[in-house]
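Next come the chains, spelled out residue by residue.
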Amino acid sequence: MAPIAVAAAVFGAAFAVLSRPAGFDGAAAVAMSATTFAGSAQFATVSILGTGGGVAAAIVAAVLLNARYAPIGISVAPVFEGGSVRRLLEAQLVVDESWALSRRADGRFDRRLLVGAGLLLYAGWVGGTALGVFAGEALGDPETYGLDAAFPALFLALLVPQLSSRHALAAALAGGMIALALIPLTPAGIPIVAAAAACAIGYGR
Amino acid sequence: MSVVWIVVLLVGAATVALKALGPVALGGRSLPGRLTGVVSLLAPALLAALVVTQTVESDRELVLDERLLGLGAAAVALLLRAPLLVVMVVAAVTTALARMLV
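Those protein sequences? They're chains A and B, same order as listed. Following this note's numbering, the numbering of the first sequence begins with 11 at its first residue and continues without gaps. Following this note's numbering, the numbering of the second sequence begins with 18 at its first residue and continues without gaps.
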């Protein structure tokens, strides 16, 4: 799992670098990584603010991008223990990568993997953001190293073992098609949220 | 308060609430049986959507670029049963090389 934390740190640093032209100081960049802790939403926010897209557009895009955490949170809800405050805090460790890594073949989730991977990713993401604030532009563009392609590869590698049934395959195909069709039509984030509808294939089964 | 901090605080608060919704509201209970099938298909549906958007989306447009080559190389690595880290490195290196050469 450590390599994923390193990848998260590199992208956290990239977020800090990219947030500066959008008017973020170092404290704001680190605060956003510590509370929002979701790369896609954070990059969308700084790109919209940086290109003069306005505060409302930035907030709506970021919230839509993170709307997937409502269904994702519901899917992992059974693994959390203890009182409301503890569950609220542990739920913050749920990100795409920790959620996908902790899903077992039987469809349940492994709590230790979820929390462990979540903590590693959180440390990498927030620590990387802080490093990026100091390292600044010396880092350069992470796309030079092809790191942006490492994430879809990760998601593909996590998807393949889950295609164990016809329903799972159908849901994946439908989800992918929905996302593909909506990319040119809707704001960023909606394609992923809408793709969640493909899981209706599993109703009552 | 600056515009940036308003965005940081509002997006942060909304994200914390979205993530906590399921775990806090449902507690330790499981979902009703009929819905279990639905939720178990969330993973393949969302993962496929993430693969698609992170490979071909760029500022609300479909863009076929070097990332697609990286994903293709990753698919080959997966077929050869390479471990997770190798799959990610293969995708990154392929994409970086393609960007250098084009």
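It is worth saying that the hints were derived from the structure and are not from the lab. Check before you lean on any hint, since a few could be wrong.
Said to hold, decoys possible - Covered stretches of chain B, as calculated for chain A (at least 3 residues, CB under 8 Å):
| id | stretch |
| --- | --- |
| 1 | 22-35 |
| 2 | 72-79 |
| 3 | 99-112 |
Stated by the list, open to error - Partial pick of chain B residues on the chain A-facing surface, computed with a CB cut under 8 Å:
| id | residue |
| --- | --- |
| 4 | Met18 |
| 5 | Pro49 |
| 6 | Arg51 |
| 7 | Gly54 |
| 8 | Ala62 |
| 9 | Leu64 |
| 10 | Leu67 |
| 11 | Val69 |
| 12 | Arg84 |
| 13 | Leu88 |
| 14 | Ala92 |
| 15 | Val93 |
| 16 | Leu95 |
| 17 | Arg116 |
| 18 | Leu118 |
| 19 | Val119 |
As the list claims (entries may be wrong) - A few chain A positions that, by computed beta-carbon distances, are all more than 10 Å from chain B:
| id | residue |
| --- | --- |
| 20 | Asp35 |
| 21 | Ala41 |
| 22 | Ile69 |
| 23 | Ala101 |
| 24 | Val104 |
| 25 | Arg122 |
| 26 | Leu129 |
| 27 | Ala133 |
| 28 | Ala145 |
| 29 | Gly156 |
| 30 | Leu157 |
| 31 | Leu164 |
| 32 | Cys209 |
| 33 | Tyr213 |
Ideal placement from N, C-alpha and C gives every residue a C-beta, glycine not left out.
Hints, verified against the model:
With 13 residues having a beta carbon nearer than 8 Å to a beta carbon of chain A, the stretch 22-35 of chain B meets the requirement of three or more and the stated coverage holds. Only when three residues or more bring their CB closer than 8 Å to a CB of chain A does the claim for the stretch 72-79 of chain B stand; here the count is 7, and the claim holds. For the stretch 99-112 of chain B, the proposed coverage by chain A is satisfied: 11 residues have a C-beta within less than 8 Å of a C-beta in that chain, meeting the threshold of three. Taking 8 Å as the C-beta contact cut-off toward chain A, the hint placing methionine 18 of chain B at the interface is violated, the least distance being around 11 Å.
Annotation: proline 49 of chain B was flagged as interfacial toward chain A, and the flag is violated, the nearest CB pair being 11 Å apart, outside 8 Å. Using the Cβ-Cβ criterion of 8 Å, the hint placing arginine 51 of chain B at the interface with chain A is satisfied: the shortest such distance is roughly 5 Å. A hinted interface residue such as glycine 54 of chain B counts as satisfied when its beta carbon comes closer than 8 Å to some beta carbon of chain A; here the least separation is about 4 Å, so the hint holds. Below 8 Å, beta-carbon pairs count as interface contacts, and alanine 62 of chain B has one with chain A at about 3 Å; its hint therefore holds.
Contact between leucine 64 of chain B and chain A, as hinted, is supported at the beta carbon level, the nearest pair being about 4 Å apart and thus within 8 Å. Of the supplied interface hints, the one on leucine 67 of chain B holds, with its beta-carbon coming within about 4 Å of a beta-carbon of chain A, less than 8 Å. The beta carbon of valine 69 of chain B is positioned within 8 Å of a beta carbon in chain A (closest approach about 4 Å), and the interface hint is therefore held. Interface hint status for arginine 84 of chain B: upheld, as the beta-carbon distance to the closest one in chain A is roughly 4 Å, under 8 Å.
With a cut of 8 Å, the hint placing leucine 88 of chain B at the interface with chain A holds, because the nearest CB-to-CB distance is about 5 Å. Given hint, alanine 92 of chain B at the interface with chain A, holds; its Cβ is 7 Å from that chain's nearest Cβ, closer than 8 Å. The restraint placing valine 93 of chain B at the interface with chain A is violated, with a minimum CB-CB distance near 11 Å, outside the 8 Å limit. A least Cβ separation of about 6 Å between leucine 95 of chain B and chain A falls short of the 8 Å threshold, and the interface hint therefore holds.
Satisfaction of the interface hint for arginine 116 of chain B is found here, the shortest Cβ-Cβ separation to chain A being roughly 7 Å, below the 8 Å cut-off. For leucine 118 of chain B, the interface hint is violated, the least distance from its beta-carbon to any beta-carbon of chain A being 12 Å, above 8 Å. The interface hint given for valine 119 of chain B is broken, as the beta carbon of that residue sits about 12 Å from the closest beta carbon of chain A, more than 8 Å. Listed as outside the interface, aspartate 35 of chain A is inconsistent with that label: its C-beta sits roughly 8 Å from the nearest C-beta of chain B, within the 10 Å cut-off.
The beta carbon of alanine 41 of chain A is not kept farther than 10 Å from every beta carbon of chain B, the shortest such distance being approximately 5 Å. Non-interface status of isoleucine 69 of chain A relative to chain B is broken: a Cβ of that chain comes within 10 Å, the nearest being about 5 Å off. Not every beta carbon of chain B lies more than 10 Å from that of alanine 101 of chain A, the smallest distance being close to 4 Å; the non-interface claim is violated. A beta-carbon of chain B comes within 10 Å of the beta-carbon of valine 104 of chain A; the shortest separation is about 6 Å.
Chain B leaves arginine 122 of chain A outside its interface by the beta-carbon criterion, the shortest separation being 16 Å against a cut-off of 10 Å. Against chain B, the non-interface label of leucine 129 of chain A holds: every CB pair exceeds 10 Å, the least being about 15 Å. Listed as outside the interface, alanine 133 of chain A is consistent with that label: its C-beta sits roughly 17 Å from the nearest C-beta of chain B, beyond the 10 Å cut-off. Residue placement check: alanine 145 of chain A keeps its beta carbon more than 10 Å from all beta carbons of chain B (closest about 20 Å).
For glycine 156 of chain A, the requirement that its beta carbon stay farther than 10 Å from each beta carbon of chain B is not met, with the minimum near 3 Å. Listed as outside the interface, leucine 157 of chain A is inconsistent with that label: its C-beta sits roughly 5 Å from the nearest C-beta of chain B, within the 10 Å cut-off. Residue placement check: leucine 164 of chain A does not keep its beta carbon more than 10 Å from all beta carbons of chain B (closest about 5 Å). A Cβ of chain B approaches the Cβ of cysteine 209 of chain A within 10 Å, the least distance being about 4 Å, so the stated non-interface status is violated.
Not every CB of chain B is more than 10 Å from the CB of tyrosine 213 of chain A (nearest about 5 Å), against its label as outside the interface.
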